[in-house]
Every structure is written in C-alpha cells, then in structure tokens.
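Protein chains in written order, with full-length UniProt numbering: chain H, 1 to 166; chain Z, 1 to 166; chain P, 1 to 110; chain C, 1 to 110.
No lab work stands behind these hints, which were simulated from the structure alone.
By construction, the Cβ of each residue, glycine as well, lies at the ideal position given by its N, Cα and C atoms.
Errors might be hidden in some of the hints.
Looking from chain H toward chain P, a few residues come up when the C-beta cut is under 10 Å (computed) [said to hold, decoys possible]:
#1 32
#2 112
#3 121
#4 134
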Amino acid sequence: MTDHADHFEMKIPAKAEYVGVVRLTVSGIASRAGYSYDDIEDMKIAVAEACTNVVNHAYKKTGYMLLSCVIREDRIQIIVADRGESTEVSSLLENIGPIDSSKPVSELKEGGLGLFLIDTLMDKVEISNESGVAIVMTKFLHRDGVEQHVDGIPTSADKQEQGQKQ
Amino acid sequence: MTDHADHFEMKIPAKAEYVGVVRLTVSGIASRAGYSYDDIEDMKIAVAEACTNVVNHAYKKTGYMLLSCVIREDRIQIIVADRGESTEVSSLLENIGPIDSSKPVSELKEGGLGLFLIDTLMDKVEISNESGVAIVMTKFLHRDGVEQHVDGIPTSADKQEQGQKQ
Amino acid sequence: MNLDIKTEHSKEEAILYIEGEVDAYTAPQLKEAIEPLTEKDGQLVTVDLTNVSYIDSTGLGIFVGALKSSEANNSKLRLVGLNQRVMRLFSITGLDEVIDIEEGKKEGTQ
Amino acid sequence: MNLDIKTEHSKEEAILYIEGEVDAYTAPQLKEAIEPLTEKDGQLVTVDLTNVSYIDSTGLGIFVGALKSSEANNSKLRLVGLNQRVMRLFSITGLDEVIDIEEGKKEGTQ
Ligand SMILES: Nc1ncnc2c1ncn2[C@@H]1O[C@H](COP(=O)(O)OP(=O)(O)O)[C@@H](O)[C@H]1O
Ligand SMILES: Nc1ncnc2c1ncn2[C@@H]1O[C@H](COP(=O)(O)OP(=O)(O)O)[C@@H](O)[C@H]1O
Numbered sequence: 001m002t003d004h005a006d007h008f009e010m011k012i013p014a015k016a017e018y019v020g021v022v023r024l025t026v027s028g029i030a031s032r033a034g035y036s037y038d039d040i041e042d043m044k045i046a047v048a049e050a051c052t053n054v055v056n057h058a059y060k061k062t063g064y065m066l067l068s069c070v071i072r073e074d075r076i077q078i079i080v081a082d083r084g085e086s087t088e089v090s091s092l093l094e095n096i097g098p099i100d101s102s103k104p105v106s107e108l109k110e111g112g113l114g115l116f117l118i119d120t121l122m123d124k125v126e127i128s129n130e131s132g133v134a135i136v137m138t139k140f141l142h143r144d145g146v147e148q149h150v151d152g153i154p155t156s157a158d159k160q161e162q163g164q165k166q
Numbered sequence: 001m002t003d004h005a006d007h008f009e010m011k012i013p014a015k016a017e018y019v020g021v022v023r024l025t026v027s028g029i030a031s032r033a034g035y036s037y038d039d040i041e042d043m044k045i046a047v048a049e050a051c052t053n054v055v056n057h058a059y060k061k062t063g064y065m066l067l068s069c070v071i072r073e074d075r076i077q078i079i080v081a082d083r084g085e086s087t088e089v090s091s092l093l094e095n096i097g098p099i100d101s102s103k104p105v106s107e108l109k110e111g112g113l114g115l116f117l118i119d120t121l122m123d124k125v126e127i128s129n130e131s132g133v134a135i136v137m138t139k140f141l142h143r144d145g146v147e148q149h150v151d152g153i154p155t156s157a158d159k160q161e162q163g164q165k166q
Numbered sequence: 001m002n003l004d005i006k007t008e009h010s011k012e013e014a015i016l017y018i019e020g021e022v023d024a025y026t027a028p029q030l031k032e033a034i035e036p037l038t039e040k041d042g043q044l045v046t047v048d049l050t051n052v053s054y055i056d057s058t059g060l061g062i063f064v065g066a067l068k069s070s071e072a073n074n075s076k077l078r079l080v081g082l083n084q085r086v087m088r089l090f091s092i093t094g095l096d097e098v099i100d101i102e103e104g105k106k107e108g109t110q
Numbered sequence: 001m002n003l004d005i006k007t008e009h010s011k012e013e014a015i016l017y018i019e020g021e022v023d024a025y026t027a028p029q030l031k032e033a034i035e036p037l038t039e040k041d042g043q044l045v046t047v048d049l050t051n052v053s054y055i056d057s058t059g060l061g062i063f064v065g066a067l068k069s070s071e072a073n074n075s076k077l078r079l080v081g082l083n084q085r086v087m088r089l090f091s092i093t094g095l096d097e098v099i100d101i102e103e104g105k106k107e108g109t110q
C-alpha cells in the first residue's frame, strides 16, 4: 500500500435542502474511486445521516457542514464535522441499535436511527469532539469482488448481519 | 433584493478525473437554487472549462482547484480559482472567439475554445489574478420565465446570439 | 433530490404514490401527505414506494410516526413496491417487523 | 461521468457509437478511438453522438483534430445523432460550419 491519497474538502450551509448536494458530491467522488453501486448508495446514506445531524443538532442558529474525503488505495475516509458547541459526544455510539419490535407501537421513537445506520453501513466509524462534532467514516475498497479482512475489520456484509442481529 | 446569500466552498485535487465531480456538485447547487435545465447545463460546461484550465495550465506539478459558489436571490456566482503562478491573465478574455471557418482546415486550432464558451454560456465573466488565477462567473436567475435585464447586462439568450455573430 | 407525491382515493383506500428521494429536506412533505390520512378511522393507507430511489432515517421516522398515528386512530398503514435498496433499510433497522410491508412491484389494490 | 465507445465496421464505413460524457478526463479515450480510423485513405468515419449527454471544449477539440487528420489523410468524418444541447455547442463555436454534422436520431448508414 502506498502513501498516496487524494484530498477533498467542502463547506456547505447547514440546511436540510443542501444535504442532497453533499450526497451528489460524495457519490461522484466514490464513483471515481471505483466503488460499487451498493457501496456508493451506502455511503450516500451515511454521509446524509451525518449531515442531517449537523443540520438538526449542531447549531443554535446557522452554521456550516464541513465535509472532507480522503481517497486511499484501499479505502475512503469521509469526515463530516461542524463547529457547534456540543460536548460529550464520544458516548453517542454506545446507545445505538435498531427498532425494538417487542415494544408497543405507541412507544416507538421516530428518531434515533441515524447513527445506527451510519455504523451499520460503513466499515469503521469514529466520533470525536474538538471544536464541534466530527464523525469519521471509513469504507474499504474491495477490488474485483475480493473481500478483504484487514486487522479483523469486518466487511460491509458482516456489518450488516451484525446490525440485523443486534 | 435582500442581502441574504448562501456560500459554498470546495477544494479538489487538480486532476482531469475530478472535473466531473465539480460538475455534479454545481448542478446540485444550481438545481436547489431553482435554475432551469438549460441554465444548469450551461453552468456545468462553464465550470468544467474553468476547472480544465486549472488542470492544464495552473500548476507545474500538482495542486488544487478551488470552487466557491454564492447563491443570491437573483443570481449565482461561481468562482474557480487556483494557486498557480500564472501572471498577466487579465487580457485572456480579449482574444477569444469561435472557430474561423474561412481558414483552411489544416490551420484550425484544437484548443482555445474554453474561455470563449465560458464567456458565451454565462451572463457575466471576470478574471482576476492574485495568488493564482480566479475566474468569476455569474448567471442570473430568471424566475417564471421572465427575462430580467439588470443594468443592461444581457440575458443568456442575448449572449448566445452575440457569441454566434462574433 | 426532490419528491413528488400523488394521492388516489378509492372506496375505503387511500393510495399515495411517492417518487424521488426521501431525506431531511423532503420528509416534511411526505409527513404532511400521510399523517392526515392515517387519522381517519377505518382508513386503509397504502404507500407505493416503487419510484423511491433513496430513503434515510428521516424518511423512516415518518413511517414510524404514521404507524403510531394509524394505531392511535384505528386506521391501517401498508407500504408496497419497495425496491431492494429501500427494503434493505427497513430490514436493517428492524422496521420490517412492525410495519406491514410488501416488496416488489405490485400495485396497492386490496 | 464516463464514456463508452463501440466501433462497428462495414464495407467502407467505420461507425463509432459514443455513450456518456466527453470531457477532459474521457476525451483521450475518444481521440484514441477516432484518430487511427481517420488515418485510412478513403475511409468514411461516422461518429454517432445520440447517447452523448455532455461535451465541452476538450471534446470539441478532439473533433477538430479528427477533421484535420481526415483532411490530411483523404478520409471523411461525419457526426450524426447530436441532441439539441450538443448541437448548440457546435453552433456556438462555429464548428458546425467546418464539420459535416447531422442532427437528430438518424443512424449512420450511407
Ligand atoms: N453533529 C452533532 N452535533 C450535536 N449532537 C449530535 C450530532 N450528531 C448526533 N448528535 C446527537 O446524537 C443523537 C443521535 O443521533 P441520531 O442517531 O442521528 O438520531 P436523531 O438525529 O434522529 O436523534 C442526536 O439526537 C444528537 O443528540
Ligand atoms: N487557470 C489558468 N492558469 C493559467 N493559465 C490559464 C488559466 N486559465 C486559462 N489560462 C490561459 O488561457 C488560455 C486560453 O484558455 P482556453 O480558452 O480555455 O483554451 P485552452 O485551455 O484550450 O488553451 C490557456 O491556453 C492558458 O494559457
């Protein structure tokens, strides 16, 4: 693996109407990086969830969503960040999961699936909290249909099953 | 007209393979801003020409294309800039024009149509030269098919004719 | 990036034909179209997703809300025509176990 | 954002079917497909642009190059099937006055 990487950065007003623009951009970048249709669709959802969280939770008034992408030979890293004032977000990934179908319908929540989807659809997800929230999402590139297990990191197929069984 | 504006910024490796990503992004932004199919297609070409120039002319080795878009109520301003070392670009727009069909075929040039297309397809074009080249392209928004002449600035229809007659 | 919604009413059934992408921007439009229908006692509300190419958690949340409303108001909600990608999201999130869903291209007739 | 090129050879004619977007990234691929054909004496080279959705100056430049090559090598170049948007670019730049162009959806048969 070489050290070569292509870097992309983008700054967009944190408004729901522009989340679709970020999806378009990411699908273009991922397509150039050689990802399959399904992987690209997964990334579009993950990045849209992260952006929607910025729109809904990061700022009291207005602000920006900050997207950066790094393409490496075997992976793409997508970072969605904001400059909001949220703190203690590192535990966010601990309380996620699918719908609990044993609950009565009236107790189901309409939200709370965003981070769970991100975690399920991407290969590796980290959240950090410096000046605002940053969510770092990684998807590995499996060339020619060969599944790669690097350091025991599950492929997207594993992840999905894992998600369904939780 | 209010002072409200939405700002977008993007930084992409100056490689031919990524010009299509910029086209996608700009088409998404322009679509959200309410432009017609034809206007969006015009903008895609103009922005691709500007990016292709960065790829071909700006850097000795590698560098970035810098895109910024400003959406205002009545116009979109798209700026494509680089951090190359080119100087004296302010006169570039003076030597542009279509193919001269009176010339023998063997003397036709294969290049040199990029800036001419930008100038023809956009409503207003300026080139500046600070730390690199910046090309500022404006397209007015004609809501409900009503043609607006602001300060005698020609609409795209006028421009196109003008281009063909040059 | 847009959403187009057409509503058709037959005897006891309301069918919504949804076309486009359901995300944080377009979801409010979907909510506005579905919710009033689910509030009618005995109503069968069929949502045809055949032409939905994209949906994310905000869109899924609208269907959870519609399900809750239909239960509270004694109406019935069903989703039909989901393509593989859209179906996959309902499975991953476990929503396929609480919402009445029919995959494939069948039209929503009783 | 990609380009797909298929070549068909009949008696005296080579037909290229181009599909996709012709820009700075894909133009070299187009050049590689057209140029060798225009270098054959007496060859009629028909380029079918029916499925080209986008072209910019780099793509137009490839056709100028092909025209020059066909003149130098005594072959013939024609473009067919241009949609309105693509045709418009050939008109704006004046290329429609030097290149043999046929608009619309007609197939490239002699
Ligand atoms: N960028 C962010 N800034 C602040 N809080 C966030 C951010 N992203 C996520 N969160 C927090 O994490 C929670 C869970 O997010 P998510 O799973 O996407 O569900 P939802 O957004 O529907 O609540 C949010 O309710 C919010 O409190
Ligand atoms: N970003 C840029 N940096 C340096 N030079 C530029 C830039 N953009 C345009 N130019 C100059 O302007 C000329 C005309 O550009 P253009 O009309 O697009 O035609 P072409 O790129 O085919 O030569 C170029 O050949 C180049 O010398």
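Outcome of the hint check:
For residue 32 of chain H, the suggested interface contact is broken, since its CB lies about 20 Å from the closest CB of chain P, more than 10 Å. A distance limit of 10 Å between C-beta atoms decides the matter here; for residue 112 of chain H the minimum to chain P is near 8 Å, and the interface restraint holds. Satisfaction of the interface hint for residue 121 of chain H is found here, the shortest Cβ-Cβ separation to chain P being roughly 8 Å, below the 10 Å cut-off. Restraint check, residue 134 of chain H versus chain P: the minimum CB separation of about 19 Å is more than 10 Å; hint violated.
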